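Novice: Those protein sequences? They're chains A and B, same order as listed. Here our numbering is used: the first residue of the first sequence is 869, the next is one more, and so on. Here our numbering is used: the first residue of the second sequence is 398, the next is one more, and so on.
The hints are simulated quantities; they were obtained by calculation from the structure and are not laboratory data. Nothing here was measured: the structure is a model prediction, and the numbers come from that model. Beta carbons are placed, not taken as given, at the ideal position from N, Cα and C, and that holds for glycine. The reader is advised that the hints may include incorrect statements.
[To be verified] Below 30 Å or equal to it, Euclidean Cα-Cα: the simulated DSS-like pairs (lysine-lysine) are:
| hint | chain 1 | residue 1 | chain 2 | residue 2 |
| --- | --- | --- | --- | --- |
| 1 | B | Lys816 | B | Lys710 |
| 2 | A | Lys1269 | B | Lys783 |
| 3 | B | Lys682 | B | Lys626 |
| 4 | B | Lys463 | B | Lys582 |
| 5 | B | Lys422 | B | Lys626 |
| 6 | B | Lys463 | A | Lys1178 |
| 7 | B | Lys710 | B | Lys463 |
| 8 | A | Lys1177 | B | Lys626 |
| 9 | B | Lys702 | B | Lys816 |
| 10 | B | Lys463 | B | Lys783 |
| 11 | A | Lys1177 | B | Lys627 |
| 12 | B | Lys422 | B | Lys710 |
| 13 | B | Lys627 | A | Lys1178 |
| 14 | B | Lys682 | B | Lys627 |
| 15 | B | Lys582 | B | Lys816 |
[Said to hold, decoys possible] Among the chain B residues that face chain A by a calculated CB cut under 7 Å, a handful are:
| hint | residue |
| --- | --- |
| 16 | Ile535 |
| 17 | Gln625 |
| 18 | Gly665 |
| 19 | Gly667 |
| 20 | Ala670 |
| 21 | Glu671 |
| 22 | His772 |
| 23 | Pro773 |
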Amino acid sequence: MWHSFSVRNPGLSRVLFFVSRTSLDATGDLEYGFFSATTAPVRHTGSLAGILLDPAVAESFPVIVTVRNPSIVFDGEFLDRLKAALDSLEALGDGWSVATPHGLSRNGEVVSSVYSAVSPALPTMRSAQPVVDVAADLLVINGAFIDALRAGHVTFADACLEQALLIRGYLDGRVGVFLPGLAVPMTGPFLAWAGPSASDGLDAAFGKALGDDALPGLFGPVRFGKASPASPPGANQAYFADLVAGAIRHHCPPLSLSLVTRTRFNRPHLLNRMLTSVTRSRVDGTAVEVVLSTDIATREAQEQFRALKKLFPSIDLRLQINERHEHSRIGNLLGGIAAATRDFVAFVDDDDYVDLAAFGEIALATFMGTQPLVLMANVVHEEEWSSTPSGRYVLARSTTKHTYPPGGWRSMFNGVNQLPISAMIMPRATLQRRLEAFEFRHDLSEDYILILLLLTDPALPPIAEVPSTFVHISSRVGQDNTITMTDRRPWVQDITCFLADLLGDSAVAGPGVWQFLRGLTEQSRTPREDLVQRNLQEVVLRQRRDIGLLTREIRRLTDLLGAQE
Amino acid sequence: MRIAIYTSCAANYLAKALALAEGLKRNSPGATLTLCLCDCWPASVDPSAAEAFAAVWSPEDLGFDKGWIFQHNVMELCTAVKGRGLVRLMQENPDADLYLYLDPDVYVYNDLAPIVDYMGEAEIGLVPHILSPEESDIGVQLTEMSVTEHGIYNLGHLAIRPGENARRFAAWWAARLDRYCFDDKEAGLFTDQRWVDLAPAIFDGVKVLRVPNLDVASWNLFGREIRQKKAGNERSFTVSGWPLLTYHFSGTGPTGTHRRVREIFDPGNGATAEIERLYEQRIAKHGQAYLSRTPPLWDSFDNGKPIPAEARKLYRRHPDLQNAFSDPYLTENDSYYSWLTQNRPALMSAIRLSPPRARQAFQELFDEQFYLASHPDASEAVGTGKFANALDHYIRIGSRLNYDPNEFFVSTYYRERAKHHDSYLLESGRYSIERTLLWHYLTVGLANGVEPIEFFDSNWYLREHADLEVAFRIGQLTVPLAHYLHFGAHENRNPGPGFNATRYLSDVPEARRLVESRRARGAFGAFVRLGNVEGRVNAPGNG
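Required output: the full structure, derived from the provided sequences and hints.
Specialist: Below you can see the structure in the form of structure tokens.
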């Protein structure tokens, strides 16, 4: 049985509620406060889809709240939270379809501010997020969107109404959004809507536009038409992802990013490749600058820089010369950060390169102006370059070796760095504030320390874990890169000293925080095992090389002994 | 100067053709562009967009009937109409100073009038794929070898000046394309392109346009110096000092091969990257994301079912079928479709795998243990570190040597039967899984009913075992052969209608011994081990 009513609240008079309950009598109950503020309810027979979309039945309201799950509790502060949530939606103008307290993010992460007694979980996302699936339990719907559907005589099956509204919204360029402020208590389980009638309904509504395919859903993939449970993602899924991205893009500020690249200009073909990737990856409206941070001689650096400006006229290049007596990785890093001027800062080594879709993806992480700490995947490629007689370089071979997923940050406190430095895209203000709290007195493994420093920031911004790739890391066996250097003693030395600074007397985080983080890591073995697995091949290779060196040494000593005898 | 240009495409390239028209209007305003649209006008594109073209011709407008269209896949069709298109373009634009064919994925950056100067007195201007020798081995493999295979001149560009030689060339080219415009490299054909290799030998007035600023493409970036003088100005791109006239974005789109090849041969060039970026933005504006997914009209029967390549080839090879079914797209009674369903059921129920499923099936069908045990030289080479593992050996050498990847894949048998089915896929390019016989089976052979071992029939196997058919349909089973290799043979299921496992085991004691001693995968495994299938001999010690 559906009841509709509005509430006598000055800020919420434009909201129409549809609540599915057998009775609305809450006299003496903790929900009494809420229900005593409602207007006289109207009873409806029939399905919610029929009531909402039938122009003859429903009234026009700017905002509609549907509550399908009877176990949702309207606590005394619910209306205040709802009002705040609706206020935050104003930033989207008319460009939204539905808002939810429980949805699925584009990254496949469940974002929720519903506390269910049956499946309790902590809310983890504190900023608004676009979603690709919504729970049916409670939904806020844009009234203008419903009016447009009614005008177009659009109907949906009730079994899939909420998902259909979301998908239709994206087809119309409207975003579906998770609002953490819509938090609600719930005594029962979430309503799982999946099933044949829901799939049939979606197929009838969208089969023509989306074909036989599967879309991501809160309760497993949502399938249309003839898509089987094992069907691989089809082209239409990518098409839907593009639709979603297109709708979100309207509500993301233009990307403003500084890429800090430490370079000594000694491998120009790789630096050129990196700058080419930046040129290629730009999307309209992005303000991306590349800060080339170096400590080579000033005149030489300036000459190199002038030549690069001619080769790459489309990108904003800056030169930062760090005048030091000796080469310093950390010196160039800090110098580059100091020279950066954009809202976000990221690091790309001069032998690596930016993924084609990276800037677009980072921009999407700033939905509704959020300034998150963005973490993205990095992919390592083993490369072989050949130089031709005319002096040009050709990428003769490139093999993907392994990927650092952005989720590596979750197990960063077990003593092993799980992310390369180029996995992070940081709000510049946060980064600079954090750098002021710590003195980088050493040089190697500065990436790990920087990540730990950020993650222990009491004012850490929301973390946006973006599974797509930001940077491709180049590994060249036997060539000029540090990844394959065999003597790791300098790294171990510096990391020990760094950690002593970070965990010792410094005031960057209290000892309790470190215990807490360490404790969390010990609970979760899997990421560590994952890392071991990922690096197993490298370890084996390294050991083989060591065995080879030892064998050679034994042979040399044996020969020496033989000669002496 | 009057320049009459034409291009040809299906709806999936329409966004690119619209971008071509846009670039022409902006940068070479004296030119007109006619579109040969081998498709219907897509509903998602406003019909007024057609005004970007001087005319839009369909294959029917050029005099082709459905029987002729049916013989061509979409690439063949779009190239086969180019001959008659040129003839008609010359007839309808008798006053033009220059006729050009440009592929739809070409973009124009500056006035095309200098092409007339480049041609001098010549009437037929051919643009070579490459202008300088490659200097790296990967360049030789990926570029030079590919050019010798596909044609010396790139027919994404063709320049014609009015004259008798040009008219004779157009008539000859049209006649050849009317009958022989197929992607059949074994027959020496590659659509319209290989034919033109003959032009310098058999026509007067031919000039090879060896200029760096025409038809710049991912395959010829090596040796060209591309620069941009002024950011934001598309006319300011130069190639080895010449103003860029045309850039050919072959492979731009979902497959992204353009970018990948560019990243190999011109990895550190901001100007090339900017050209690529701007082009992708332009085609995106014209609806590339949606249009690129549009299935070509002429690639399916009128009930929407895709036309198997072999059904197309069968029709092409048999004039009696062409006479009997003048409109082979129909699916009603007494149609070519119903004839195929009745007489070539394997073709019509062909199994097609998605790439992820094919990759999974590949893993399931590559039996490393069998491979190393059957090919001692491979085992030794892997043992000494020359190859990373058995799979690496198979990809680099084994497949080409007809080494069998599993017990039920007889490479010699399969290669012989699959040779008429896109076998060029096996022959060119770099070493990769996609160049192996096993991959060919999964992506080409299965779809055409070609099996890798005598007596095995994938379609029959599924039909006969209802449980497997369900498993296959819902994706729990990748391919019938993988099930048979790992389970079916052990369970003594029959591989096809021509082999009865129960009877064989009862009749042949050696087979029973092999099965009982677990030296064979069930009855059919014993049958294979005893050398009863084509391509296998009775191995020593089998009894």
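Novice: Taking the hints in turn, state whether each one holds.
Specialist: Cross-check of the supplied hints:
1. B/Lys816 - B/Lys710: Roughly 14 Å between the alpha carbons, so the hint for B/Lys816 and B/Lys710 holds.
2. A/Lys1269 - B/Lys783: holds, 19 Å
3. B/Lys682 - B/Lys626: With Cα atoms ~25 Å apart, B/Lys682 and B/Lys626 stay inside 30 Å; holds.
4. B/Lys463 - B/Lys582: holds, 25 Å
5. B/Lys422 - B/Lys626: holds, 22 Å
6. B/Lys463 - A/Lys1178: violated, 55 Å
7. B/Lys710 - B/Lys463: holds, 15 Å
8. A/Lys1177 - B/Lys626: holds, 11 Å
9. B/Lys702 - B/Lys816: At roughly 25 Å apart (the allowed maximum being 30 Å), B/Lys816 and B/Lys702 satisfy the hint.
10. B/Lys463 - B/Lys783: Cα-Cα ~54 Å, so violated.
11. A/Lys1177 - B/Lys627: holds, 11 Å
12. B/Lys422 - B/Lys710: violated, 40 Å
13. B/Lys627 - A/Lys1178: holds, 9 Å
14. B/Lys682 - B/Lys627: holds, 23 Å
15. B/Lys582 - B/Lys816: holds, 11 Å
16. Ile535: With a minimum Cβ separation of about 5 Å from chain A (threshold 7 Å), the hint on B/Ile535 holds.
17. Gln625: Check passed: Cβ of B/Gln625 comes within 6 Å of chain A, closer than 7 Å.
18. Gly665: holds, 3 Å
19. Gly667: At 4 Å from the nearest chain A Cβ, B/Gly667 passes the 7 Å test, so the hint holds.
20. Ala670: holds, 4 Å
21. Glu671: holds, 5 Å
22. His772: Result: violated, 24 Å to nearest chain A Cβ.
23. Pro773: violated, 24 Å
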